[in-house]
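A.B. asks: This is what each chain is made of:
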Amino acid sequence: MDETSDRVAAIRARDPAALEAVVRECMPGLLRVALASGLPRDRAEDAVQASLLVFVQRAQDYDGRARVGSWIYGILVRKILEERRAAQRITREEDIDAVMESRFDEGGSWMRPPRGPGDALVRGEMRRELESCLEALPERQRIAFALREVEGLTTGEVCKILEVSANNLGVLLFRARNGLRECLEAKGFEGSSDAEL
Amino acid sequence: MLSCKEVTTLHATEGLEHASWRTRMGARLHLLMCKHCRRYVRELARIGAAVRALYAVTDEARDEALLRRVLDSVRDGPSARGGRTWR
Numbered sequence: 302m303d304e305t306s307d308r309v310a311a312i313r314a315r316d317p318a319a320l321e322a323v324v325r326e327c328m329p330g331l332l333r334v335a336l337a338s339g340l341p342r343d344r345a346e347d348a349v350q351a352s353l354l355v356f357v358q359r360a361q362d363y364d365g366r367a368r369v370g371s372w373i374y375g376i377l378v379r380k381i382l383e384e385r386r387a388a389q390r391i392t393r394e395e396d397i398d399a400v401m402e403s404r405f406d407e408g409g410s411w412m413r414p415p416r417g418p419g420d421a422l423v424r425g426e427m428r429r430e431l432e433s434c435l436e437a438l439p440e441r442q443r444i445a446f447a448l449r450e451v452e453g454l455t456t457g458e459v460c461k462i463l464e465v466s467a468n469n470l471g472v473l474l475f476r477a478r479n480g481l482r483e484c485l486e487a488k489g490f491e492g493s494s495d496a497e498l
Numbered sequence: 006m007l008s009c010k011e012v013t014t015l016h017a018t019e020g021l022e023h024a025s026w027r028t029r030m031g032a033r034l035h036l037l038m039c040k041h042c043r044r045y046v047r048e049l050a051r052i053g054a055a056v057r058a059l060y061a062v063t064d065e066a067r068d069e070a071l072l073r074r075v076l077d078s079v080r081d082g083p084s085a086r087g088g089r090t091w092r
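As you go down the protein sequences, you meet chains H and G in turn. Quick note: the first sequence uses this note's numbering, first residue 302, plus one each step. Quick note: the second sequence uses this note's numbering, first residue 6, plus one each step.
Chain H extracted, bound-state conformation (with noise of 0.2 Å):
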């Protein structure tokens, strides 16, 4: 996933052609990145052509030693931050770590044992409640998962966009994706049984 030195020169003389294939190649996962975060869809446009506009803006100062995509991304990351605290948005913060606690003994195993949200998720049945349990995610949680579950983006590279350590992606991710399973099982959606498993 290194970028050549050919294109890292390319990009730092800010050849137009070698400008225009970063921002063609890297538009589509940013406002992916930024409707996934939680920004409605004119937000998200604006968002992503402010974050490259940066990007051309700042070429000459890419040191090649991250994926540009990467470092584009960073910059869509803060963006979205400045948004979304724009927007005044309340985020409920739910203690999920006190929620995944109550589910375990003492001794670590399975007081309640997960059930959902199963069969209804994958046909898509639930578009609706998925959005809503995103929704109710911290800003933070939700752009790591985003970046991470829905971009697919390396968990090496994620920390970097975000300036976190592992471990604390890894609170982020855990807390995102206990607070998405959490939230769906609330609504009501059963797990397939468990002949199944």
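Please note that a few of the clues may not be correct.
[Claimed, not checked] Lysine-lysine pairs mimicking BS3-like chemistry, simulated, CA-CA at most 30 Å apart:
1. Lys10(G) x Lys461(H)
2. Lys10(G) x Lys488(H)
3. Lys10(G) x Lys40(G)
4. Lys461(H) x Lys40(G)
It should be emphasised that the hints constitute simulated quantities derived from the structure, not laboratory data.
Fit chain G to the given chain H structure using the hints.
C.D. replies: Frame of chain H, contents of chain G only:
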């Protein structure tokens, strides 16, 4: 022997990636024996897939319009340094 709590935490945090061989084997063994943890791991995978599917839908006309707008704005816009433009 790893507990259910340890196994699910390792999965949700992706801690297995950096875990010792012994821990990875322990987690795998636990999953073979524990249907609740198997279900948990499967549900996490399903949630990931469902969220990916949610954002995999693209609006080609809008995406193309955005790309054109971005390319136009970066070509014409003044740069942050020295007023240089794309061209």
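A.B. asks: Could you run down the list of hints and mark each one as holding or not?
C.D. replies: Results for each hint:
Restraint check for lysine 10(G) and lysine 461(H): the C-alpha separation of about 28 Å stays at or below 30 Å, so the hint holds. The straight-line distance between the Cα atoms of lysine 10(G) and lysine 488(H) is roughly 23 Å, inside the 30 Å bound, and the hint therefore holds. Between lysine 10(G) and lysine 40(G) the alpha-carbon distance is near 13 Å, which keeps this suggested pair within the 30 Å criterion. Distance check on the hinted pair: lysine 461(H) and lysine 40(G) sit about 36 Å apart at the alpha-carbon level, beyond 30 Å; violated.
Consistency note: the structure conflicts with earlier hint 4 alone.
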